[in-house]
Structures are given as C-alpha cells and as structure tokens.
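Asker: Chain residues, written in single-letter form:
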Amino acid sequence: MDTLLDVRNLTVKFALRDSALTAVNNVSFTLNRGERLGLVGESGAGKSVTGFSIINLVSKPGFIADGSVWFDGRDLATLSQEEMRKVRGNRISMIFQDPMMTLNPVLTIGTQMVETVLAHRNVSKAEAEAIAMDKLRKVYINSPEKRLKQYPHEFSGGMRQRIVIAIALLTDPALIIADEPTTALDVTIQAEIMDLLLELCRTEDMGLILITHDLGVVSQVTQKVAVMYAGSIVELGETEQVCSNPQHPYTRGLIAALPEAATGSRLNQIPGSMPNLAEIPVGCAFNNRCELGKGACFTTVPQLERKQSGVFAACHELE
Amino acid sequence: MWKKFRESYFLYSFLRDPVAVGSFLILLVLVLLALFAPLLATQNPYDGSAIDILDAEIAPRWISHGKFIFGTDVQGRDIWSTILYGARVSLLIGLGAVALQAVLGIVVGLVSGYKGGKIDSILMRITDVQLSFSSYMVAIFFGAILQTAVGVGGYADIALPFLVFVIGISEWPQYARTVRASVLAEKKKEYVEAARVIGLKPTRIMWRHILPNTLTPVLVISTVQVANAVMSEAALSFLGLGMPANQPSLGSLIKSGFTYVLSGSWWITLFPGLVLVLLVLSINLLGDWLRDFLNPKLYKD
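If you read the protein sequences in the order shown, they are chains A and B. First residue of the first sequence: 1, per this note's numbering; consecutive thereafter. First residue of the second sequence: 1, per this note's numbering; consecutive thereafter.
The hints are simulated quantities; they were obtained by calculation from the structure and are not laboratory data. Just so you know, not all the hints are guaranteed correct.
Said to hold, decoys possible - Only pairs whose alpha carbons sit at most 20 Å apart, straight line, appear in this in silico PhoX-like list of lysine-lysine:
hint, chain 1, residue 1, chain 2, residue 2
1, B, K201, B, K189
2, B, K4, A, K146
3, A, K86, B, K201
4, A, K149, B, K189
5, B, K189, A, K60
Pulled out of the complex, with its shape left as it was, chain A reads as follows (with noise of 0.2 Å):
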C-alpha cells in the first residue's frame, strides 16, 4: 500500500507574550490510501489541532513550530498560503462537528455547493450544479435539484450534516479529516452519518481521520487509532490490538472508564485531571496520574516506541 499522508515530528506552539505553549508534540504517524485513523483524547489533548495542522490552518496565535506533513509528495507545513488554498477542499476536506455552524445561513447549499467545485475545478456552473447534485445523491438527499435551492435552516440536524459531507465529497478528495462530525447529533443519527462516511471511504477509497473523544465510534470505523494526551501521541496502533489490549497506562484506564453493559457496577475512572499545557509535568506528561509512575517517568520524555504487543506506545514502565 502506499503512504497517503505523513506526517513527521510536527510541533504546534501558541505565540503567548514574551513564551510558547506547546499544542501539539512531536507528532508523527502515517496514513496509507484509503485508509481510516482515529485520533482519539479528552479535550484539549491536541487532536483538533492536529487536524488543523494538515491543512496549514491553525489559527492565529498558534503555528507550526516544527516537523512537515507529506502529502502528494509536497511538505504542507511549508507551502505558501496561495498554494495550500489548492490542496483544500481540493485534496483535503474538512468536516465539522456542528452542522448548524458550518453552512452559511444566508446563502443556498446549491450556490456553496457550486461555489467550492468552482473554486478548484475549470467547469461551466451547470457542471459544477450536477457535479453537487451527484453528491447529494450520494450521501442519500432525495431530489437534489429541489434541495441545492434550500437554504440551510430548512433541513435537519442529520441532513445538514450529510450535506455537509456532501460538500465535502464534492472535489474527490483523497483525504477527509472529519472533526467530531457525530458530537452535536443525537443517538441516532450519529450511527447513520458514521454509517455513512464508512460507506463512501470504502466505494471512493478515500482516507479518513477522524477526531473524536468516543472510542466506540473509533472501533467501529477506523483501523488505526492514536491516542493522544497533553499534545503527544501516547499510543498508536491497529484499532482492534488498541481496543482489545490497550498497553498504555492511559489507554487503559480509557477503555476501562467505558461503561459496561452491566447496569449497577461503579464507573472506573482516571484520578486527576489532563495538565493544562503550560504546567505539564517534567519527564511522563501523565506521571502524576499514573499506577506505574517511577523514577525515569519524572525526569525523562518517554518515546512512541514498538512494545512487545505490537503497538507503539510512549511509557518506560511497558516492555
């Protein structure tokens, strides 16, 4: 298979006064074509801008500090403004978590539709109006020619997200990086958009990385997963190895704080709560949260390195 995406060693810091907070640590995994990633952690452990950082698009004061994001053979992280403007919604797309948000509400889906295959593709606007009708199909909206002259409040929460991929979908992209596209939905329908975008990853081979906080999702959709923790990927590995046989003392108490079928036993949780980014602890990010905790946690970083098991994880204690 061939690598897709790569990125290496890729550092995010936010600009403060006269210092940097760092976002983002060290980061580097791998995406092959067409294949599926979940970036999993609690808030503000990275992941979204993570994401963002693929597309060059962090927002100001936050930049990339260090590492490159290898895409068709080009390093992202150094491209100009002007030439990243191709790559988006061209070869990349983004989807977000809340639907109501992300379209604009003044303006039709058909003319934002249109307007982003317009953006990348040489075609006429009756082109580019089948090209979105297309998709509309694609992601299940009935009579899409009725529906490109709607505007945004005149469909549902479940809809609007589906147009939203629809919209995303629109330039073929090799790449989508979906940013808790199920987090404002209910139950239900959060299965049928999940549904949904597995479905066209596989019929259009695209790669997906998805950012989500809910290991199920995770499970269920993706083949690799990264977790992250403070900015650093703690863990990273096939999906079923993870989620079967977590190794990192993080990890585990993740998948240990699922809520069982068994209804009356006490939820297990991780004592403490994530550092925040500028008072993260010295050697371990998680030392002070965690059972194995010794003298190297405190005073050195731990590498993402091959564990017995097969998957990478960043722990001393762990063989």
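Model the placement of chain B on the given structure of chain A, informed by the hints.
Answerer: Here is chain B on its own, set in the frame of chain A:
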C-alpha cells in the same frame, strides 16, 4: 415570489404596527410626489421665464384666494412646485450620500474586521480622525476650496454632486464601525472556518460569506443615515453652504423664506419645513420599526 412575500412574517409584523404603516404611507406619498414633480408641479422653478416677480409673496389660496395653493415666495415662485422639486433634490442628495457612505464604510469595515492586526488599527484610526470632523466643517472646508476654484457660477452647476460627496465623505465612519463590529462577531463562526477549509479566497469569503451576514445592522443604520443626510443637506443649505437659491432644496427653501417670517410671509418657510419634518420623521420611525423587527432580542409579544 409574491406569494412568499405575502405570507411572510415581515409583512405580517409590518401590517400589525400602525406607526410603521403610517410612516411608510407618508414616505411613499412624499417619494411619489418628488418622483413625479414635473407632472404635478404647476410651474417649473428652474425656468426663469415661468416666474413672475409680480406674483411675489402671495399668501396660500385659502387666505388670498389666489391661484397658488401654498402661496409664493419673494421671487414669485410657486411654493407647491418648489417643494416638489426641493424634496426631489433633498432625497437625491440623501440617497446619493448614503450610497457613498455605505460603499466607503462597508469596504473599510469589512477589510478592517476581517484582516485585523495592523491594517485594522490603521483603518480604525483613520475612521476616528474622520469622526472628529463634523460634516459642516468638511463642507465649509471643501466648499471654500471649490468655490474659489470654479467660481460661484460654476459652483451652482456642481452643487448637487458636491453635497453628495461632502455628506458621504463625512459620515462613512458610522458604516465602517458598524460593519467592523459585525464582521468581528461573524468571522469567529464556523462557517467562515469551513469556507477557509474549502479553499476559498479571502476576498470571496469577505464579500460572499461574511458581508451578507452583516447586512442587518447596515440596513437599519441606512434608514437613519438617509434621514440624517437629508437633515445635513437642509442644515448646510440653510447656512448657505449647500444648494444655491435658484436650485431649490428643502433647506434652501427654508432659508430663503426665513428672513420674511416676521414680516408676515410665514408660508414660505413653514411648508418646506413641514415637509422636511414629515420626511425625516417617517424615515426614522420606519427605521425604528425595522430595527425592532430585525432584532430577535426585542420581539414584542
């Protein structure tokens, strides 16, 4: 389209507000009168040969039983006709000046709000400087330069575009500030992020995506600004800085009659004054209604 409008909440809420309906009707009548002035006027005030000095200072018809419904001024011009033509000039200046303000203000506000940083600071300081000059000062300044440059006779020919320019130039900061404030709120929203992720150009995002979402406050201040511009024109003309006496606007009519109020010819000033008040009041009341209608926080039950 018409059916959609007839069933809209806009029309429903409009018809339920008697003040709005009333001021709309008054405004409509005034605009129609101004628009069809050549048809409705009994005399062309621009045409010197139609005016007879012997008709000067005739009282309105119900007092003098003459042929002039609202009487005549000191030059013998029919007040009714001059009001029609004057309202025309006043409205033209009002709308023209607001269009100029809107174009300038929206461009500055949009760029300032979207780009931020240094560009924002520079543009906003320019705005502040502009705000610190009153429109009268700008008018006196440019008026003096212009009148020496082209002479008084030449000035009369370009008085109208000049007033549009002066009022437009001095009031655009209102738009710039309003638009900038809305842009700052809008650009944080996710649809702007989404548009950037799609790979659209910044100019397109600004004009196509953000601008339409900031038009609500622009619409509201536009109504108030038209009224203000009409007032500014009247004030400038009253001070002798605006329209020359042979090209009547409401302001220059009020001024031309003002000297004769105490000598008994009150009608020369009163009727143009009433029209001016009606015009400004109806625009303002309509603007108030529009603001209430467009502001979801102020829904009345």
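Asker: Hints first: check each against the structure and report whether it holds.
Answerer: Results for each hint:
1. B:K201 to B:K189: holds (17 Å)
2. B:K4 to A:K146: Measuring from Cα to Cα gives roughly 17 Å; hence the hint holds.
3. A:K86 to B:K201: holds (10 Å)
4. A:K149 to B:K189: With Cα atoms ~23 Å apart, K149 (chain A) and K189 (chain B) exceed 20 Å; violated.
5. B:K189 to A:K60: holds (15 Å)
Hint violations for this structure: number 4 only, all remaining hints satisfied.
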